[in-house]
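Asker: One letter stands for each residue in the lines below.
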Amino acid sequence: MLNALSRRALLAALLATAVALAGCGSKDDAKKADEKKAEAVKPDPLKIGFIYVGPTGDAGWTFAHDNARKAVEQEFGDRVKTSFVESVPEGPDSERVVRDLVGQGNKLIFGTTFGYMETMLKVAEETKGVRFEHATGYKSAENMRTYDSRTYEGAYLVGVIAGKMTKSNKLGVVASVPIPEVLRNINAFTLGAQSVNPKVTTRVVWINKWFDPGKEREGAVALMDQGADVLMQNTDSTAVVQAANEKGKFAFGWDSDMSKFAPEAHLASAIINWAPYYKKAVREALDGGWKTEHNWWGLKEGAIDVVALSDKLPAEVKALVEARKQGIKDGSFVIWRGPIVDQAGKVMLAKDQVAEDKWMHDIKWYVKGVQGAVPK
Amino acid sequence: MLLEPMRSQLGVWRIERRPAATAWMRWASPLLALLLTAVIAAMLFAMLGKNPWQGLAVFFVEPLRNAYALSELALKATPLMLCALGLAIGFRANVWNIGAEGQFLLGAICAGWVALLDLASLGSVGLISLLLLAGMLGGMAWAGIVAWLRDRCNANEILVSLMLVYVAQLLLAWLVYGPMKDPAGFNFPQTPRFSAASVLPKLIEGTRLHIGFVVALLAALAAWLFMFRARAGHALQVAGLAPQAARYAGYSARRALWTSLLISGAAAGLAGAFEAAGPLRQLTPYVSAGYGFAAIIVAFVGRLHPLGIVLASLLLSMFFIGGELAQSRLGLPNALSGVFQGVLLFSLLACDALILYRLRRVV
Amino acid sequence: MNEINNLALLSTLIAATLSAGTPLLLAGLGLLVNERAGVVNLGAEGMMLLAAVAGFALALATGSDVLALAGGALAGALAALLFGVFAIYLNTNQYATGLALSLLGGGLSAFVGIDYVSRNLPRLPLTGIPWLSDLPWFGPALFRQHWAVYLALLLALLIGVFLQRSRAGLALRAVGESPESAHALGLPVRRVRLAAVCFGGACCGLAGAYLSVIYTPMWVEGMVAGRGWIALALTPFATWRASRVVIGAYLFGGVTLLQFHLQSIGVEISSALLSMLPYLATILVLALISRNPVWIQRNMPASLGRPFTPGQ
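Chains as they are written, first to last, in the numbering used here: chain V, 1 to 376; chain C, 1001 to 1363; chain F, 2001 to 2312.
Please keep in mind that the hints were generated in silico from the structure rather than gathered at the bench. Note that the coordinates shown come from a computational prediction; the quantities given were computed from them, not determined experimentally. Cβ coordinates follow ideal geometry from the N, Cα and C atoms, glycine included. Just so you know, not all the hints are guaranteed correct.
[Said to hold, decoys possible] If you want a taste of the chain V side facing chain F, the calculated C-beta under 7 Å gives, among others: (1) 55; (2) 214; (3) 295.
[To be verified] Here are the computed lysine-lysine pairs in the DSSO-like style, where the Cα-Cα straight-line distance is at most 27 Å: (4) 358(V) - 1181(C); (5) 1181(C) - 209(V); (6) 291(V) - 358(V); (7) 1181(C) - 376(V); (8) 260(V) - 209(V); (9) 1202(C) - 139(V); (10) 1181(C) - 139(V); (11) 107(V) - 1050(C); (12) 368(V) - 1181(C); (13) 122(V) - 1181(C).
[What the hints assert, rightly or not] Taking CB as the label site, the calculated pair distances span: (14) 1118(C) - 359(V): 28 to 36 Å; (15) 1117(C) - 2277(F): 23 to 31 Å; (16) 327(V) - 2144(F): 41 to 49 Å; (17) 1117(C) - 2180(F): 48 to 56 Å; (18) 361(V) - 2280(F): 34 to 42 Å; (19) 2154(F) - 316(V): 48 to 56 Å; (20) 1070(C) - 2184(F): 52 to 60 Å.
Using the sequences provided together with the hints, build the complete structure.
Answerer: Written out as structure tokens, the structure is:
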């Protein structure tokens, strides 16, 4: 199709030039020819492919990525042409999909789950003319870079709210898979709560899935039955906030605004907005400046936010959250500032020391105040 | 034949078995089923505002467009083919192993375990042979449990093999979340990547198609020889279909049980080993895309005949790949390919049934 | 103080187990009936998904959970009818047909459900059974549940009585034991089987709609997440007895909850290994009952999975 298009463009250009050179057309014709010429010069749109691990209708992770894809289409109009393949499992099938997107002439390819890392790396090494953007991974190449969101910033801020709103001083987290990102979020949530209420403790259940509404609900119910009265989730569906609503407890939306699913329970939503990064990446691919880097965007870049704060929150809590948010944005407030100690009381970050990204990527432990053990 | 007649204003009809299904009907049936699916698909495309011809081309032409596409088709068909061949031998012997999925997973686990041992000294050929053997043994052992419980306790093999699928899935989950987890993998549920020595030889350079496809085709040939040319294969089928007669002829039903289960276990285990060592190169919770279950459908669509199975496995993988292409080419939802697969399978089953049966007016 | 706490915890654990086990119980009971008639339908997951989306759509349109569950049951029964016509009248292989239904149901439900994703269902307050739900200790846990929880238990009782005590139940079991003899006795074997299959589908439909309308409540593709397959494991676990399906459903439903509770109090047990136990128990039960000819005869439909064509 691409070939047919450019062939037609070439033909039009030749025709236009011929007409202009012959000089036998009227002024009007020449003007038309100029217009045609301009049209012909206009480059083909940049084709962009997206590979999603879940269905676009999961109302969580993939949904958020697809919204950003739509934002890219809005922003760049006919300069880009996007397509996507959804529900691609993190197995052998992903390689065929990546290669097919390359074969389709896509010059920029986004892979939105960790499990595509090896596949994308392999294809990237073989197809140098195509740029690859891989979410949440750690391997890169000359034409492959990584991007991720500082989800812990949202977790910390909702932790602040949780610390203020809990009555039992027991918080709960419905967690997915014990990778550093999720451990970091649990720790940030707990640190946020402890910063306003030193007495809080956090309980965690691991459901070992990113998406299973039934299990997410059961995890939430177990936590509430253990006395937790404010819940955070690091999973994809709305089951947790809905369960909290039913039981008269509080919870936070995750990834997207979940307020409408739990009018009573919902205190705020920690959301990811992939659009700013996707726009940056596309702009760099279109206009130059694309280079290999590890992009880890947060509040400052507009990739993370805490939204839909409930009317139940006292004004001082709202103000505090807003102040911390501003602080994180302008760098005057740091979440990972020592002393940070693990469950056993061992100092993991010395007093007044500020953590580097590498330190954060390596979190395999719980901070003091989280109960239970990290699954081995 | 005494059959319940259906009475209506149109007279009295009954469904009866055709005296003999003619050869052309055997071939016409799958074509008819494909046609039926294509018509339904075209209608759906039109409903969704897409050009039906474009839609059909994505499912029926695009997966065959060039050598690379064909290699992907064959790669996807390999595990289906191997599993279905083994199952067909069992089904012909009246042994209903529906747990190929579990045997596939055990094959992958055992092959993965060997691939992760420090066996570089064996060399590539040695290591690959060993891991394939381990996969086969793993699948055989898993199917062997079914055979043993049937033999010793008379436990229904359908149910035991199905239960063992769940156990195998949970075993795999336990291993990749626990003992076999990559220590350098940031706690992601996956094993380390397999070493370079265990890379399967490629059939075509630049593609992912590995020797597994040739092995699967050879397995089809072997299955054909076993079913139609070998005394053991004949004995197996007689023992399955008519145990009484078999006993008179000196064939053993026990042997039929063990042989067919061990063969199908080995085939499924081998498929798992190929999948792990071939395109996957590590173990994750997502080793199988439901190959063991899909293979049951493949076996029946292929009429339990090796050639039919080869074609059916290619057809099913064509639909699967077509579903991916329909998304990136036409922007159709992934759900649609599930619908088409379902429609195709039901039409194939219906057309098959119509070969064997016919409606006849009796009054 | 601590004892009261433990009691309260136990009571909430019971409540959560009851609601988690209900979809399994409903689906398991349906599959029990169609397996008693000699038919295995591996399409349970597909039927549940179709019913889940149908029920959710109806709940959204009408706001009535009664209509939503009824619609789910109807959707499940229709899907089962498709299976039944193929497997019983056209004599296609039961396992292949069931798996085909699983695929079709998964795809079709995702396809028609696209518009229902992330729609919000207003939640209905739970009233519970008056007086009983105010009892101390286990009152709220046992008696403040959605009515579908009690419907499932009632269904278990009715099915148990039907199968063991009624003439029609006897006929159904006869069809599952020996279709040939049942046919010789003048029973319409295939019609009985079709009815049993449709009943099974309706129950699976109830289960699916319960999940999307009452349990989580939401619709997302694939949301049944393997519960149809677990329900298939329930019948052999229960040796095809309704009363034991009840036990099995709560056991299978409660095992994840139990693991979550252990986890949140810091006891680390691999969820995979814990979840494996019921399946291993099922295999053990199967092996034990099958050893003894009397037990197996008493406990398992002899013609399970065997097709039947009258006159052959």
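Asker: Would you mind confirming whether the straight-line C-alpha gap from residue 1181(C) to residue 376(V) stays at or under 27 Å?
Answerer: Measuring from Cα to Cα gives roughly 9 Å; hence the hint holds.
Asker: Note whether the CB distance of residue 361(V) and residue 2280(F) lies within 34 to 42 Å or breaks it.
Answerer: holds, 39 Å
Asker: Just to be careful, I want the Cα atoms of residue 260(V) and residue 209(V) compared with a cutoff of 27 Å; is the pair within it?
Answerer: Judged against 27 Å, a Cα distance of about 24 Å means the pair holds.
Asker: Measuring from the C-beta of residue 55(V) to each C-beta in chain F, is the shortest one below 7 Å?
Answerer: At about 5 Å, which falls below the 7 Å cut-off, the nearest Cβ of chain F leaves the hint on residue 55(V) intact, so it holds.
Asker: Just tell me: holds or violated, for the beta carbon distance of residue 1118(C) and residue 359(V) against 28 to 36 Å?
Answerer: Since the Cβ atoms of residue 1118(C) and residue 359(V) sit about 32 Å apart, the hinted range of 28 to 36 Å holds.
Asker: Verify the proposed pairing of residue 1202(C) with residue 139(V), using a straight-line Cα cut of 27 Å.
Answerer: holds, 26 Å
Asker: Tell me if the straight-line CA distance from residue 368(V) to residue 1181(C) falls inside 27 Å.
Answerer: holds, 26 Å
Asker: Residue 1181(C) and residue 209(V) were given as a pair; does the straight-line alpha-carbon distance stay at or below 27 Å?
Answerer: Holds - the C-alpha atoms of residue 209(V) and residue 1181(C) are around 16 Å apart, at most 27 Å.
Asker: Within 52 to 60 Å: is that where the Cβ-Cβ distance between residue 1070(C) and residue 2184(F) falls?
Answerer: holds, 55 Å
Asker: Check the following: the C-beta atoms of residue 1117(C) and residue 2277(F) are separated by a distance inside 23 to 31 Å.
Answerer: Holds, since residue 1117(C) and residue 2277(F) (Cβ atoms, about 30 Å apart) stay within the stated range.
Asker: Check the hint pairing residue 1181(C) with residue 139(V) against an upper bound of 27 Å on the C-alpha distance.
Answerer: holds, 19 Å
Asker: Are residue 291(V) and residue 358(V) close enough, with their CA atoms no more than 27 Å apart?
Answerer: OK: residue 291(V) and residue 358(V) at ~20 Å, within 27 Å.
Violated hint for the displayed structure: number 3, the only one.
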